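For reference, the chains in residue letters:
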Amino acid sequence: MTNTVPYELDVLRVSLAAGFVVVAGIISVLYNLGLAKRLAISTVRTALQLGLAGVALSFVFGIEHVALVLLLGLVMVLLAGREALNRQSVKLRGTAFDVFLAMTVSSFTVSLVVTGAIIGAEPIWRPPVFVPILGMILGNSLNGISLALDRFLTGCVDQRALIETRLSLGATAKEAVQPLVRDAVRTGMIPIINAMAIVGIVSLPGMMTGQLLAGADPKDAVMYQVVVMYMLAASTSFAAMISVLMVRRRVFTSSMALRQDLERS
Amino acid sequence: MTGTSTPRLELHDLTLSVPEENGTRTLAEHLTLSLQANQLVAVNGPSGSGKSTVLRACIRLHEPASGTITLDGEAITSLQPPVLRRRIAYLRQFPVFTPGTVEATLLEPFGWKVDGSDKPAKQQLEQGLESLGLPASLLTQVTAKLSGGEAQRVALLRAFLVRPDVLLLDESSANLDPEHEATLVREIKRWVDEDNHAAMWVTHSRGLLRELDVDSYRLTPQGFEHVEDGQ
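Listed in order, the protein sequences are those of chains B and P.
Under my numbering, the letters of the first sequence match residues 1 to 265, in that order.
Under my numbering, the letters of the second sequence match residues 1001 to 1231, in that order.
The following block holds chain P by itself, in its conformation from the complex:
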């Protein structure tokens, strides 16, 4: 288990670049950030600054040009990618689902090799939906008919169900109205407070930053800048 001094997730001197026609373009460098147990941090920055790429690098969907990322002190490159991705859940801005019902979508990750646990019971799925302000009857609905806000919350429940240690949220409240955004913030804060969880929330919404009321960093080409209260 994690010691109190070892960050759950740590980015050290990361350089992120993306391929271009004539080589690569550096998005940001000297990215260093620690995420402690029971900590939620917010990251903001302009579009195209590399916010999503930071999150993708944490689960190796993007390989950084240089630098290291550790999970509980262990380099993420030493973990099998499926194992790493079960421990760090990544919620993309626009969730997508395999065609089928909400129930099938929620259970899909439990059919894979990496998972040795039992599938969650139907009652657990229903409770999960209700805790996020969704009706239990949604289980039988096909995912193609979900609204943007419903899809985002179903994706969050799916992430919770695989029991990660760290949650990475990429503009995850962008499709939600203020009431449901407040529910989402409450549920994620509650989750972070349990079992040494930690979360990083990328957003460009000032309203959400105020609502979150947590440590906040701005992503710049030269690294993370801590945002003081009121900025």
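Next up, chain B with everything else stripped away, as it sits in the complex:
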């Protein structure tokens, strides 16, 4: 691959950027925020994770094999799913399966439609197109799912009396938690809707900025960014909706009662 970046960054220049984190660390120490250690670990993690991602991407881009792209995609889904699960304050058996399924279905479907039908990449799984698209979608789906699921499950715990009241008046399980489902999916979608409201006005998204820095025509960068925002809105809503609907059936027993062991961990 040819390098078309106008201002190439070497390790020394990237290390200079770490100076910003040092400033943040000094502020943490001065004000006794207790974040210095976590900040240091996160700084190292960022460099290591992105470095590894770069190596993996170079490898996958170089070989261009569908099985490898699929494998990388599944690993990304697993990692994103695990992160979404870690953010839950109510642990419920079986939700891991639901989260992975919601992530896989929503992210792969939208990624394939975008790369194939909208961008027109050939083949549809072409690594330099498909993998970054999938990555962006997973990052947003992770947020959408974790927010929506947490809202739904903590709602089930906190509103047990109300849910049981609806059940005891003849509501089905679906009807008893319908307001919670609505609220949870809405919560999962709020970040992307907020981002859509300010994009281009208050913020220039990372992808667009990256393209501009890489020397792309602003018109092309904008077109791509519009597609990206739309696909993120779709995939986040799919992911939040599918995960909440899948988990919904797990919070009830076979006799349409709210499970007794449902509680905050």
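Think of the hints as simulated: they come from the structure by calculation, not from any bench.
Values in this document were obtained by computation on a predicted structure and should not be read as measured data.
Just so you know, not all the hints are guaranteed correct.
[As the list claims (entries may be wrong)] Beyond 10 Å from chain B on every Cβ pair, some chain P residues (computed):
| hint | residue |
| --- | --- |
| 1 | 1062 |
| 2 | 1072 |
| 3 | 1081 |
| 4 | 1098 |
| 5 | 1135 |
| 6 | 1181 |
| 7 | 1190 |
| 8 | 1210 |
[Unchecked claim] For lysine-lysine, the following PhoX-like pairs were computed, each having C-alpha atoms within a straight-line distance of at most 25 Å:
| hint | chain 1 | residue 1 | chain 2 | residue 2 |
| --- | --- | --- | --- | --- |
| 9 | B | 174 | P | 1113 |
| 10 | P | 1145 | P | 1122 |
| 11 | B | 174 | B | 91 |
| 12 | B | 174 | P | 1119 |
The beta-carbon is built from N, C-alpha and C at its ideal position, and this holds for glycine as well.
Using the hints provided, position chain P relative to the given structure of chain B.
Only chain P this time, still in chain B's reference frame:
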């Protein structure tokens, strides 16, 4: 329709247990009790003895470890839970409502799949409130602003409106002053006397037990004990 000899609600050799960290804990066993048409029975017992769990088991919000519960001779497990819960209404100790007005709360159960009947008319709601000693103007009030006693009576009216066969009351007069408790007792007794209805009232209030003046049972870990008059 129910024959005279078939109890409306019957608990047979029920064992109730609750989950604990290391397994389960048995609350009570050998629970057997019959509730005939037009009968109101009172159940008392100390806190934590499982009184509420008995009521919850009757509508399958709690699954008993063993034993059977029948409604008009039919095992409750053979009924779809929403259908069962329309036939047996359960009134919890502290009523909760979906945020909104009293009118919306009273009509909420009529928007669900299980219900094929028309929503009650506004006039019917107003009459219902007045029969329980509440003003008709309460319909437009938001439920969050109801006092404990008002909330309990609104919850009772909501239960009446879905036209159950059996009513289960869980400390339902705990928030009421003596005057409103007397109104509640009168209305529930009147309801029990109509249309082969039946009710079970769980309470630990001796005053209420005297006021009810009905068959009374004490819940013990070994089963129900009939309480003789004056005990």
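Legend entry - Ascending list of hint numbers which this structure does not respect: Hints 1, 3, 4 not satisfied by this model.
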